[in-house]
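Novice: What follows is each chain in one-letter form.
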Amino acid sequence: MLAKGVYMIISNVRKQSDIQPVMDRKKLMNNIIKHRQIYILLAPGFLFLVLFKFVPMWGLILAFKEYNPFAGILASKWVGFKFFIELFSDKNFYIMLRNTLIINLFGLIFFFPLPIILSVMLNEIRHESFKRITQSIVYLPHFLSWVVIASMTFFFFSVDTGVVNKAIINLGGTPISFLSNPALFWPLITIQTIWREMGWGTIILLASITGIDPQRYEAAVIDGATRWQQIWYITLPGIMPTIVVLLILRLGHVADVSLEQILLMQNPLVISVAEVFDTYAFSQGVQRGLISIGVTVGMFKSVINLVLVLYSNYIIKKTGQDGIF
Amino acid sequence: MSFVYRKKMTPGDYVNYGILTIIALFCLFPFIYVFSVSFTDPKVYVPLQLYVFPKKWSLEAYRYILSTNSFVNSLKSTVFVTAIGTVLSLFFTFTFAYALTRQSLPGRRFFMGCVIVTLLFNAGIVPNYLLVKNLGLINSLWSLILISLTNAWSIIVVKSFMNSLPAELEEAAIIDGASDMGVFWKIIIPLSIPSIASFTLFFAVGYWNTYFNAMMYLSDSKKWTLQVLVKTLVIDSSSISVGQMGSTDTNSLPQETIRMSSVVLAMAPILVLYPFLQRYFVKGVMIGAIKG
Numbered sequence: 001m002l003a004k005g006v007y008m009i010i011s012n013v014r015k016q017s018d019i020q021p022v023m024d025r026k027k028l029m030n031n032i033i034k035h036r037q038i039y040i041l042l043a044p045g046f047l048f049l050v051l052f053k054f055v056p057m058w059g060l061i062l063a064f065k066e067y068n069p070f071a072g073i074l075a076s077k078w079v080g081f082k083f084f085i086e087l088f089s090d091k092n093f094y095i096m097l098r099n100t101l102i103i104n105l106f107g108l109i110f111f112f113p114l115p116i117i118l119s120v121m122l123n124e125i126r127h128e129s130f131k132r133i134t135q136s137i138v139y140l141p142h143f144l145s146w147v148v149i150a151s152m153t154f155f156f157f158s159v160d161t162g163v164v165n166k167a168i169i170n171l172g173g174t175p176i177s178f179l180s181n182p183a184l185f186w187p188l189i190t191i192q193t194i195w196r197e198m199g200w201g202t203i204i205l206l207a208s209i210t211g212i213d214p215q216r217y218e219a220a221v222i223d224g225a226t227r228w229q230q231i232w233y234i235t236l237p238g239i240m241p242t243i244v245v246l247l248i249l250r251l252g253h254v255a256d257v258s259l260e261q262i263l264l265m266q267n268p269l270v271i272s273v274a275e276v277f278d279t280y281a282f283s284q285g286v287q288r289g290l291i292s293i294g295v296t297v298g299m300f301k302s303v304i305n306l307v308l309v310l311y312s313n314y315i316i317k318k319t320g321q322d323g324i325f
Numbered sequence: 326m327s328f329v330y331r332k333k334m335t336p337g338d339y340v341n342y343g344i345l346t347i348i349a350l351f352c353l354f355p356f357i358y359v360f361s362v363s364f365t366d367p368k369v370y371v372p373l374q375l376y377v378f379p380k381k382w383s384l385e386a387y388r389y390i391l392s393t394n395s396f397v398n399s400l401k402s403t404v405f406v407t408a409i410g411t412v413l414s415l416f417f418t419f420t421f422a423y424a425l426t427r428q429s430l431p432g433r434r435f436f437m438g439c440v441i442v443t444l445l446f447n448a449g450i451v452p453n454y455l456l457v458k459n460l461g462l463i464n465s466l467w468s469l470i471l472i473s474l475t476n477a478w479s480i481i482v483v484k485s486f487m488n489s490l491p492a493e494l495e496e497a498a499i500i501d502g503a504s505d506m507g508v509f510w511k512i513i514i515p516l517s518i519p520s521i522a523s524f525t526l527f528f529a530v531g532y533w534n535t536y537f538n539a540m541m542y543l544s545d546s547k548k549w550t551l552q553v554l555v556k557t558l559v560i561d562s563s564s565i566s567v568g569q570m571g572s573t574d575t576n577s578l579p580q581e582t583i584r585m586s587s588v589v590l591a592m593a594p595i596l597v598l599y600p601f602l603q604r605y606f607v608k609g610v611m612i613g614a615i616k617g
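First to last, the protein sequences are chains A and B.
Those letters in the first sequence? Residues 1 to 325, per our numbering, in order.
Those letters in the second sequence? Residues 326 to 617, per our numbering, in order.
Derived from the structure by calculation, the hints contain no laboratory data.
Treat the hints with caution; some may be incorrect.
Covered stretches of chain B, going by a simulated chain A footprint (3 or more residues, C-beta under 8 Å) [unchecked claim]:
1) 350–360
2) 450–459
3) 554–561
DEER-style ranges, computed between Cβ atoms [what the hints assert, rightly or not]:
4) A:Ser89 with B:Ile347: 47 to 53 Å
5) A:Leu251 with B:Ala492: 36 to 42 Å
6) B:Asp366 with A:Asn267: 29 to 35 Å
7) A:Leu101 with B:Ile347: 30 to 36 Å
8) A:Asn170 with B:Leu445: 49 to 55 Å
9) B:Lys333 with A:Ser177: 49 to 55 Å
10) B:Val412 with A:Asn170: 48 to 54 Å
11) A:Ile168 with B:Ile347: 20 to 26 Å
For glycine and all other residues, C-beta sits at the position ideal for the given N, C-alpha and C.
Sequences and hints are given; from them, build the entire structure.
Specialist: Structure (structure tokens):
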């Protein structure tokens, strides 16, 4: 009788650490079921991410395999870092690297300061209607596709029918082939970027300027500061944090030269200055079917991108701003 | 704005207005030129002459290009992709973003992490191409829609927006017995209309302007979207002459006017929607800027 009682007590009293995982799992299951409708809402987007973002990442394995279309991805032969070694010893690699870096450099020197200057200028305008109209006009190019912009570039700079060359001919000069001259490729790309993004880039900066404390200007006026002094000592320092963040973000995207922009302006005569990683991955991987090289180049670019973005985010956080994450 | 009691314009002001006007003209001039030539009567257009305003107005170039099969087909393709793509993108983005706002959702951090990962890293052109090929979507317009259904930035911005909505309305609905779905469709969505408007424009412009994916995935020229057609017409100008476009019109017209009219049509919807685009996009950029 006593033994039966003891047995009953022992079998019913279980240790807390035995029950807890089971209870946690039960709580979790209940929680999941409670949120079942949310999961239904989550499903479409999640399935999309899995199928179109994560599944292709498996394809990156082809950077380490010799792709055999008949064998498929799994059965293709493993070759380790062969393609990476091939890539780094190919002189094309260094050409692509150089082109990417120089296009970025041009953008940094010639494009980056312009929205800053433009936003300060717009800020000094007191006629609201002039300001609004000008802003509307300079924002417009941002919405155009690269095909339209490249087409306009051709309409302006082509050697036979371009506006610029027509003007040159009318003034008695000889036409310049802008579009097939390698020396002019980088400037042309930069001009396109300026035309398209100069106005749009002022949005963030103008928003930043409105965040500057008006009392600082009042104090400056009382102290007799000229408008130039106000701009130099108040406005510019006021937007400096924003400029720094923009600069660092820009550096995080060095590897990301706009594919469509470059691709549309490429032609066999300028390819030596116009090849970048993405265009190479496209021409070799997709057009020529050299799958593994294409994957290798793309993977290299994505990894560089990742490293730069993470590093630039780290730097932003060190300057005291909020990073992207 | 600079705080100054200024009653008259200084010389510096005049210079400022002057330079800004020049910049505005710099932005405008390509539009003016392309419009001008496209509306020029082809019969009076002399290729070597420089035009700023049409010598003689005419819709001839437009009449011609809209009569070609290639152009009309490309319009159909583009409208299909843009319309369906925009609707689907809105659906996929807003449902996912709302789910992520639910703090109590088990695994929320994991799903958020998935989104961030796509922000940082992508598989690249070739793996994506292989995927589309293996799904049998090569040469299907659906390939253009399905690969762009949503993206990390949109999800994050919409999620921020939803988080800024007042919680009381949701709470009141739940007290009244609404289900999660009910709250989403009957409360959140109506409150999200500004965001929906912004993103409708954002997605529509994105789909309309797509060139690279369309060029890569559509091998049949009958399925080409507008941007691809314009590219072959203008940029590959030696490879396809205007006369090969399958029109019933047998007159040979100067190519320039027709090329320009095709470019104008390629940007027409954007220009028409521009007042809305400008207002909502600017707001979106500001919100994104605060986030970033």
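Novice: Now tell me, hint by hint, if it's right for this structure.
Specialist: Verification of the hints:
no.: 1; hint: 350–360; verdict: holds (count 7)
no.: 2; hint: 450–459; verdict: holds (count 7)
no.: 3; hint: 554–561; verdict: holds (count 4)
no.: 4; hint: A:Ser89 with B:Ile347: 47 to 53 Å; verdict: 50 Å, holds
no.: 5; hint: A:Leu251 with B:Ala492: 36 to 42 Å; verdict: 39 Å, holds
no.: 6; hint: B:Asp366 with A:Asn267: 29 to 35 Å; verdict: 32 Å, holds
no.: 7; hint: A:Leu101 with B:Ile347: 30 to 36 Å; verdict: 32 Å, holds
no.: 8; hint: A:Asn170 with B:Leu445: 49 to 55 Å; verdict: 52 Å, holds
no.: 9; hint: B:Lys333 with A:Ser177: 49 to 55 Å; verdict: 50 Å, holds
no.: 10; hint: B:Val412 with A:Asn170: 48 to 54 Å; verdict: 51 Å, holds
no.: 11; hint: A:Ile168 with B:Ile347: 20 to 26 Å; verdict: 21 Å, holds
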